[in-house]
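Construct the complete structure from the given sequences, taking the supplied hints into account.
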Amino acid sequence: MSVYQKNELEEDETSRTLSLIVDNQPGTLARVIGLFSGRGYNIESLNVTEIDKIRNLSRISLVTRGTSMTIEQIKSQLLRIIPVHIVRDLTLEGPFIKSELALVKLVVKGANRVEALRIAETFRARTLDVTLSSFVFELTGKPSKLDAFINLMRSLGDTEVSRTGVSAISRGDKTETKLLDQI
Amino acid sequence: MTSNYMTGAEAVIKALVDNGVEVIFGYPGGAVLPLYDALFENKKIKHILVRHEQAAVHAAEGYARSTGKVGCVLVTSGPGATNAITGLTDALMDSVPVICLSGQVPTHLIGTDAFQEADTVGISRPCTKHNYLVKNADKLCEIIHKSFEIASSGRPGPVLIDLPKDIQLTNVKYINKTQKIKKHNHYYSNVDEDLINKVAKLLLQSERPIIYAGGGVVNSGPKASKLLTELVNLLDCPVTLTLMGLGCVPNTNKNFLGMLGMHGTYEANLAMHNCDVMLNVGARFDDRVTGRLNAFAPNSKKVHIDVDKSSINKVVSVDYGIVGDCKEILSVLVQEVKKLHNQKVLKSKTTWWSKINKWKEKDSLGFKQIGNNIKPQQAIKSLYEKTKKFDTYITTEVGQHQMWAAQYFGFSKPNHWMTSGGLGTMGYGLPSSVGVQIAHPKSLVIDISGEASFLMNMQELSTIVQYKLPIKIFILNNEWMGMVRQWQELNHGSRYSESYTSSLPDFVKLAESFGINGLRVDNINNLEATIDEMININGPVIADIRVEKEENCFPMIPSGAAHNEMILSSDDNVKDTSNEGLALV
Ligand SMILES: Cc1ncc(C[n+]2csc(CCOP(=O)(O)OP(=O)(O)O)c2C)c(N)n1
Ligand SMILES: [Mg+2]
Numbered sequence: 001m002s003v004y005q006k007n008e009l010e011e012d013e014t015s016r017t018l019s020l021i022v023d024n025q026p027g028t029l030a031r032v033i034g035l036f037s038g039r040g041y042n043i044e045s046l047n048v049t050e051i052d053k054i055r056n057l058s059r060i061s062l063v064t065r066g067t068s069m070t071i072e073q074i075k076s077q078l079l080r081i082i083p084v085h086i087v088r089d090l091t092l093e094g095p096f097i098k099s100e101l102a103l104v105k106l107v108v109k110g111a112n113r114v115e116a117l118r119i120a121e122t123f124r125a126r127t128l129d130v131t132l133s134s135f136v137f138e139l140t141g142k143p144s145k146l147d148a149f150i151n152l153m154r155s156l157g158d159t160e161v162s163r164t165g166v167s168a169i170s171r172g173d174k175t176e177t178k179l180l181d182q183i
Numbered sequence: 184m185t186s187n188y189m190t191g192a193e194a195v196i197k198a199l200v201d202n203g204v205e206v207i208f209g210y211p212g213g214a215v216l217p218l219y220d221a222l223f224e225n226k227k228i229k230h231i232l233v234r235h236e237q238a239a240v241h242a243a244e245g246y247a248r249s250t251g252k253v254g255c256v257l258v259t260s261g262p263g264a265t266n267a268i269t270g271l272t273d274a275l276m277d278s279v280p281v282i283c284l285s286g287q288v289p290t291h292l293i294g295t296d297a298f299q300e301a302d303t304v305g306i307s308r309p310c311t312k313h314n315y316l317v318k319n320a321d322k323l324c325e326i327i328h329k330s331f332e333i334a335s336s337g338r339p340g341p342v343l344i345d346l347p348k349d350i351q352l353t354n355v356k357y358i359n360k361t362q363k364i365k366k367h368n369h370y371y372s373n374v375d376e377d378l379i380n381k382v383a384k385l386l387l388q389s390e391r392p393i394i395y396a397g398g399g400v401v402n403s404g405p406k407a408s409k410l411l412t413e414l415v416n417l418l419d420c421p422v423t424l425t426l427m428g429l430g431c432v433p434n435t436n437k438n439f440l441g442m443l444g445m446h447g448t449y450e451a452n453l454a455m456h457n458c459d460v461m462l463n464v465g466a467r468f469d470d471r472v473t474g475r476l477n478a479f480a481p482n483s484k485k486v487h488i489d490v491d492k493s494s495i496n497k498v499v500s501v502d503y504g505i506v507g508d509c510k511e512i513l514s515v516l517v518q519e520v521k522k523l524h525n526q527k528v529l530k531s532k533t534t535w536w537s538k539i540n541k542w543k544e545k546d547s548l549g550f551k552q553i554g555n556n557i558k559p560q561q562a563i564k565s566l567y568e569k570t571k572k573f574d575t576y577i578t579t580e581v582g583q584h585q586m587w588a589a590q591y592f593g594f595s596k597p598n599h600w601m602t603s604g605g606l607g608t609m610g611y612g613l614p615s616s617v618g619v620q621i622a623h624p625k626s627l628v629i630d631i632s633g634e635a636s637f638l639m640n641m642q643e644l645s646t647i648v649q650y651k652l653p654i655k656i657f658i659l660n661n662e663w664m665g666m667v668r669q670w671q672e673l674n675h676g677s678r679y680s681e682s683y684t685s686s687l688p689d690f691v692k693l694a695e696s697f698g699i700n701g702l703r704v705d706n707i708n709n710l711e712a713t714i715d716e717m718i719n720i721n722g723p724v725i726a727d728i729r730v731e732k733e734e735n736c737f738p739m740i741p742s743g744a745a746h747n748e749m750i751l752s753s754d755d756n757v758k759d760t761s762n763e764g765l766a767l768v
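Keeping their order, the protein sequence lines are chains A and B.
Take the first sequence: its letter number 165 is residue 165 in this note's numbering, and every next letter is one higher.
All you need for this note's numbering is the position in the second sequence, starting with 1, plus 183.
Just so you know, the hints here were simulated from the structure itself, not pulled from any lab data.
None of these values were measured; they are calculated from a predicted model.
Here a beta-carbon is modelled for each residue, glycine too, at the ideal position from N, C-alpha and C.
There could be a bad hint or two in this list.
[What the hints assert, rightly or not] One side only, chain A facing chain B, incomplete, derived with CB under 7 angstroms:
1) Gly-34
2) Gly-38
3) Gln-73
4) Ser-76
5) Gln-77
6) Arg-80
7) Ile-82
Encoded structure:
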């Protein structure tokens, strides 16, 4: 944290999920990422897509890691970015859902094909593509579930993985509609 | 003539006028020629032709900081824009409102490595508060109006607007500044009266309070400085100022302990170390100020007022953080203190003041002017004595001379002291003085300079002569990059690697070559006469003040040390700098 010395009393770092509403314009993502790289913060996962075409807004779901002082700092730094309108700390707000999608290609022949399908079924993965020597599975869920699935697939053959990064939303009936109206 | 249609370039200039711009500092080039056409026709904006784009930004900073207005810059694409980057970073670090217009290659050529193309928004993204590339001419006016709002609201800062040449030539409909541009939703003043009341009580009941204030007070306007001084007087508590805050409490105020931090006074730093309640107004716990953090004011409750929420708890955790504009918060705080004051809850501070007065007896800024050589400290002291009856504006470069200026020159008003604090940019002072003198044509403007820093932007002498700016350039010439030499002496076994400048110019002849006056003095007995002569010359002057070459700047908190580990002179037993300390800048 400080240039002079790590605070000896510093608490442990924890993982936090932030949800940002930003203008969907060129440069916004660069500003957010530049903030993290420039100030030495971690990004564990990042996911961005437009969510409101009329107001031209995107949501960035971001998983970061740090002490609570660092996280507070990250949140206030994010709010200094002009096209960033809302910064929510889902981890702090209460129960929330974190979900991710993975596409996993497995090159596999012989007896392991059955094993792969059996595992896919257990994980409720969908099979999107099949050839005599490969599968492409689609799996959604918690990142840890995706990790477990991918590890199993790796032990069965050559794999290729594409993941979206975490997308997150709070549980319950609270929405951002009012906040969005103020933008 | 009433038509609202005009070229993009004309719309830009009109928008500047509508935003109150009277002066623009710039340098032409291919990508901004349409803007220069529009300026040619315009009678309301005075263009100042600098000699380097970095200087344009520093001049705009000097203009902005000495007036409280937004400074304005115009540069061409590619090298023009990249030259401006140091200035923009400087303005960002010191929270100076600046608008920088840069030319860009036409939109259809962006991305083709066209002649003088640079990714200006990409390069300037981390060194501006915000920036725009105008790709759609319909958005042009709105973007310019908004940029002024962004640059000057909340924590001020630089905004760059990149203007492709085709946009400058397109016909656009001029859109007026709307009455109320929506403020960025995160700049709010949190005037939480309960919290402020708590803070007022804390201050009144503390036995050893101190107020530590910075550039945020200056940025908030003269009213904030008045309120701060009022608060100090009400509480009868000590006050210390950061480098950026000098002037926001008059130097003559009896409660003022001088500057704090690395080269601050002994009493200011020790009072910080020993206080029980610290009120930080508009400062940011910069590392030059705090020294080693784990020993920073260890037994104190800390209150921090800042317009930028991210400054609160960034490096020092505080007990009360109040987000808001200094003058708004201070005005409520002063009211609360007054209310409580009437109930006589103010704790006596006699013991606290007697402690502080003991520290003062150390006379940490004392020095001995012996022999004929001019001590740099004396040069600044004499300069102050000779100029304090005028409305004097001081700019500086970076190095020992800057610290001596901060220590020995007295500032009685805000906005009269322009120095590069956050970035520490050598070459800041001379162009900055150009901006100051343009804004205050009748005032005495002095650039306190070091010979090495002066060489970094001395091309601006040409600007100074062109506009007949009577700037006084007061060079403390020690032939060394003195501050570097000092660190090498104290931390690097006196290995003076590359810190001596040989082949310095003859500054008097240099002045003469520009057709201005040059003075030189190397004997203490002639110092005052030389200063008088400098002030009395009706025009720009370079005064080459030959000072003691190897003088060090004290007092000093060595790298990695704490406030209570200051050294007062070279003779002080300096503990070997810790390894962590050595790694610090
Ligand atoms: C642009 C830039 N380059 C390098 C430095 C590092 N630096 C800090 S002070 C200094 C020496 C300044 O020398 P001078 O202007 O003669 O001032 P003095 O310290 O001698 O008063 C240097 C090189 C800097 N601050 N800025
Ligand atoms: Mg020097």
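Give me the numbers of the hints this structure contradicts, sorted from smallest to largest. Of the numbered hints, all hold.
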